[in-house]
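Novice: Here is what each chain is made of, one letter per residue.
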Amino acid sequence: MSEKELISKKELLEMTGISYGQLYRWKRKQLIPEEWFIRKSTFTGQETFFPKELILPRIDKIVNMKDDLSLDELADKLSPFVFDHPMRKDELMKRNIVSRVVMNRFGEKDPDNTVYSFEQILAFYTVDQLLLSGAMSLDEGELLLQTLKEHGEKFEGRACELVFIRKMGVPVFALAASPAEMYFESGTKVVAKAALTDYIEQLKLKLA
Amino acid sequence: MAVSVPAKQGNLRLVGESVMNGGSFGRVSIVGEGKLIGRTECDSFGCTGNSVVEGDLVAKKVRVMGELKVDGDLKSREAKVTGEIQVKGSAQGDSLNVPGGSFSVEGDCEFEEMTVKGMIRAGGLLSADRMELRLFGGSSASEIGGGHILIKQSKAMKLKKMFAAHPNEVIKAGTIEGDVIELENTMADVVRGNRVSIGLGCEIGRVEYRGELKLDRRAKVGEQIRIQ
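For the protein sequence lines, the chains are A and B, in the order given. Residues 947 to 1154 in the numbering used here are what the first sequence lists, from first letter to last. Residues 263 to 490 in the numbering used here are what the second sequence lists, from first letter to last.
If you are wondering where the hints come from, they were derived from the structure by calculation, not from laboratory data. Fair warning: this is a prediction, and the values are worked out from it, not measured in the lab. Here a beta-carbon is modelled for each residue, glycine too, at the ideal position from N, C-alpha and C. A hint or two may mislead.
To give an idea of the chain B side of the interface with chain A (calculated C-beta under 7 Å), a few residues [to be verified]:
| hint | residue |
| --- | --- |
| 1 | D335 |
| 2 | G369 |
| 3 | T377 |
| 4 | G385 |
| 5 | G386 |
| 6 | S389 |
| 7 | D391 |
| 8 | G407 |
| 9 | G408 |
| 10 | D441 |
| 11 | E444 |
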């Protein structure tokens, strides 16, 4: 958490033009996660700080959406059912949620302070897990990442299964709504079959 | 606040001294001394006498006359307490009304509306959109935050002070932050707000305000800073 850019509550209110009342109300409705409230003692006594790159987009989102939705509806949207837990690249590596190998290969171009969305982290994590199982090569990981990026969001809110097959050495990835029964022609090897929901569960625990 | 309670469940009635397992109920009413073991969810929870919930208590409505101890969290849309409630975890809901008595929470205490006459204690954050506290003394909170915050000493306390020596403050808090803040007999390190009024008997380390500041001459304030 050390190099995260923090913004004090006072600065936040000034920048966004919201009031104390609103901020506390949103906290009560869990629109702003408890973990984002970082208490530190300063020379003026206790002050609350927020991770800047997380809180500003969130406030923006709430301000823009609150006219159309009630706060309770908003709360449902933002948390905790739709799990939204963005995290910085360097923190992902530091906490060993995504291995260095994967990060270096697929996220090399992104600077250290890039904030990845939960979906992105999930994709990295899935690739990482499959690599660890030894069933997949790094090059194939690229393919998987592509698949998840392209089709992952279509399964939002639904259970989804990842199927990895190989025939004559050619890898194929598929995403299927689970439970799905699948049969393949002979000579096809099912290398891995994994429920993405399991990965989501694991990842939630690790991120929290 | 979304308190999800399963619909259409059997009612539970405990009379006398009794122990029961928790679970989901329609109406729970306890008369005398009751103990519920495990998480309890219900439509309404009423207690006259003493009761203990060993676990979380989730109820649309909570009415207590007497004493209630909750070992876990308390979630209730509407809570009305005459007497004493102790919560080991945190308390959340829409409205909290304590017409007389004490409410102590070891964690955070968060309601949309809060009216307390008597005593309130929160180990963590005490937060409400509209908060009206009229206190006897002995209250504390590490942080208070919300829209409109009003803290005064109760009439009974005023009377008592005429006859016996008492410390000036009725509540101690670390920071108090709100849009409109009116304080009396409050001891706090920092007060931050838009419109702030510091009344008699207050001891405040530092006041930061944006709009206006009213200071009683009998209040002690270390620093006052206007933020542009």
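Novice: So which hints don't hold here, by number, going up?
Specialist: Hints 1, 2, 3, 4, 5, 11 are the ones this structure does not satisfy, whereas the remaining hints hold.
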